[in-house]
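If you want the building blocks of each chain, they are given just below.
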Amino acid sequence: LGQALPVPFRDEIPWPGEADYIAARLEAHRVTTVSTQSLPLFVHEAKRTGAIKHTVPLRSATLSAGASLPASAETVEGLLAWLFPHPYLRDGSGADRPWLQEIPETSTAITWGSWAEINQATANELGLQIGDAITLSRGDVEITVPVIILKQVKPGVVAVPIGQGHESLGRWASGVGENPLRMVEIHGGTLSLQGFAVQATARPGEGTDLARTTFEQDQRGRHLARSIPLSQVENPDHWLETHQQHYDHRNLDSMYERHRYPQHDWGMAIDLDACVGCGACVVACHAENNVPFAGADGIRAGREMAWINIQRYVEEGSDEVNLLVSLCQHCHVAPCEPVCPVHAAYHTVEGLNGQVYNRCVGTRYCANNCTYKVRRFNYWDHTVPAPLELAYNPDVTVRERGVMEKCTLCIQRIREGKEEADRRGEDVGDGAIQPACAQTCPAKAFTFGDLLRERSAVRRLSESARGYALLGDLGTRPSITYLAKVTRGDSSDTEGSHH
Amino acid sequence: MAETPAAPVHSDPPHGTLTYRDVNRDIVATLATPGKMYWAVVGLLQILVGAAAVAFVIQMLFGMGVTGLNNPVGWGVYIITFVFWVGIAHSGTLISAVLFLFRARWRMPVYRTAEAMTVFAVLTAGLFPLIHMGRTWKFYWLLPYPNQRLVWPNFKSPLMWDVLAVSTYLMISSLFFYFGLIPDIAAARDRSTGIRRRIYNVMCFGWTGRGTHWIHYRKAYLIFAAIATPLVVSVHSVVSWDFAMSIIPGWHTTIFPPYFVAGAIHSGLAMVITLLIPLRALFRVKHIVTLRHLQALALFTIATGLFVGHAYMIEFFIAAYSGNTYEYSIFNSLETGRPFGHYSVAFWIMAICNCVAPLLFAFRRIRSSILWLFVLSILINVGMWFERFVIIVTSLSTDFIPYNWGYYRISLVEGIILVGSFAWFLLQFVLFAKHLPTISMTEVKELIPPPTAEEVPE
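Heads up: the protein sequence lines correspond to chains F and P, in order. Numbering of the first sequence is given in our numbering, commencing with residue 552 and proceeding in unit increments. Numbering of the second sequence is given in our numbering, commencing with residue 11 and proceeding in unit increments.
Hints should not be assumed to be uniformly reliable.
[To be verified] To be clear about the criterion: a stretch of chain F counts as covered by chain P if any three or more of its residues have a C-beta under 8 Å from a C-beta of chain P, and this derived list gives those stretches:
1. 701 to 714
2. 849 to 859
3. 912 to 918
[Unchecked claim] Below, a sample of chain P positions facing chain F; criterion: calculated Cβ distance under 8 Å:
4. Met74
5. Met143
6. Ser332
7. Asn342
8. Leu406
Hints were generated in silico from the structure; no laboratory data involved. What you are looking at is a predicted structure, and each value in this text was computed from that prediction instead of being measured. Ideal Cβ placement from N, Cα and C applies to all residues, glycine included.
Whole structure, please, built from the sequences with the hints as guidance.
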């Protein structure tokens, strides 16, 4: 290119050719890294490790938790800032992983961005609603993020997660969110992530890039995420009555003939008492099943692709938070099956609701009829840039645009488990097959197994008094049994706390 | 009743002072070579249709993401417009077949236009099941043909019932339309020359007006009318089952078949009025399609509007009476119910345009004014389009599990295709109007005394 320029410009370019230019740039790097290696060795080392490492001068400081905490939020001018590690991105090292950006943070359902959590009272004072922008400033540093309202945050406090706002971590992290660490100051050798004052400027009506997977956190008395007080566990009749768990939903009539399962009827029990909402199951499902990520735009458009999600419900009069892990229920009387015009949604002989990707023509009637709304439609061809396609699981396909997909209870693992047992000449052991979510859950909330097997763990759990079918009164007869959370106080999902 | 055309005033059928000669001359005159304005309109409509075709190709290439659809709202403008056009079609068959069996003579000058509206509306509607599919190129899997995979379509699915019902309707109404046209094609043939004459001759099977021809014609017409009549009720009932057979609140209700059929007649009558008003002015046939005919159609919409309004109120009553949380949330809740929730504007457009607007026709002054007839008929169709919007989108957006709630907005691609569907419908109609008689000469002549020997027209 330099050769093509007219003569006066050409002479100003100090490098005779491209190779010299690159060598000069690398030499500049080598000098600043104070490396004693020769240039070729330095370059070789950089290529081998994948990076040129510069040492940044460090200032030492100790992290002090409460040394500078004011007595209460009221004494602070402005809002009391509380920075906390993002549950998935932690200190920010996870920000370049699209899966970690895509999974909604359990308390706020926010993806691909930062936010500021404030109490409803603070929001009223500032005239803000969820999604409005707020500018937090301390000294010269200011950040503008969308607002979320959580009652767990005290009035006068603003909690902001750290981990976003990268400039050079990578393509997925850049341009996403804000970095509140810029507001942290070191005083006398100590720094604190909490307890400093920030000025808050409300910007109601200013659009933000808030990408959330839900706008609702109230289950409206629908008994979706259930909890039973510990005091009633021994004597659950009253609780069962109010939650209509007396009748066995498995025997509700259907006009269709019952399916017959000659060998296995796969099912799962999910213990909502164990679930802490960490989201590991969601990431595992993405990894195992080549689930595409929708990105911030997709989430904003309401086109999340995650096959499993964690729903968080808070009750009006209590402090209880009830989590519901939502995935395909593999209904024995599935609403999605009769309506597919081409038999892409069908019932397998082993109790699963199957989805034949090749057959799907994309009418989306199945998703419309699903009462749990767990079906995911491919609105685009979700191609990933290289080298992310190397992360695909070779046992599972990648679906093209126009095709519906959903949780298959990791049918590829079921098949592999059965083949493995066959090779050994035995029956499949109870617990031998684990879908990705079950395998990954650190709290062991999932129990997968054969409902037809007499003493399987899943059979035993599904018959527990805590066990219920989600929307069971609709007669869908799900294969998934949820075990209600046990609460310490008097509150359940329908009654506020009495103390 | 005061009208100021050049022709004499006519009241109830029989049109006293009309003669066979008048009918032949005036109606065949509509087929005269059109002026530039006509071709400009045709050109504009073709451009709009072309734009819609381009939008559809873009959708096929990139995916359904170009629409506003999402989880949970998987159906939007395309299915709304599908039901809209199928609904409009039903009124045409009602006017041409059902009113024929009831011997309602006032239908005679208007039924041909209505029947044409039916055929073109079905042809328009039939595009949308293809347009809304994620993988349109695999559409043929919905057709039951023997294949080496030994897989049939799923006949339990209401979408398959749609395929059968709408294709049956298209076939029957097209044949009915065509057979009814035969004597009129012959009349057009007799006034044409050259290649046009030969085409018309083939189209009318060499009709000569012999007695036996007329006998066969009457028999075939009666049989087709009898076959088409049940379709008026059945086809839209089947379309309503797309929703009624589902489980979600606001869809799962037995009232849909009569509700939808009544709504279909309602919107079709309004569309007939909308089409006839410009047609009779441009073609100067106000003495054949008179104000009385428009008034009859308008009075009919009062009845259908009341029926539809009653159906709306029943839905609300049953939702409240049932004590069902989910039904309450869709209809009666002050937070999420249809009149108050996210789509309340759409709801009130629907309620006012469908139920209140036609009541104005009870006033003689209103139903005698061409302007009022035109405006209100368009408002009725606006209301009917929004009725399907309200049904489809509100029920999908706020169903059983609140976490999953989400909202839908129309996108540019969907808007272009929606407008394109109207352009496609009008294009077919405008082309038809200039090549085949839009008013049945055959049947109008039944309303007037036949000519005496001295008056026989050539």
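Each hint tested on the structure:
no.: 1; hint: 701 to 714; result: violated (count 0)
no.: 2; hint: 849 to 859; result: holds (count 4)
no.: 3; hint: 912 to 918; result: holds (count 6)
no.: 4; hint: Met74; result: holds (5 Å)
no.: 5; hint: Met143; result: holds (5 Å)
no.: 6; hint: Ser332; result: violated (13 Å)
no.: 7; hint: Asn342; result: violated (14 Å)
no.: 8; hint: Leu406; result: holds (6 Å)
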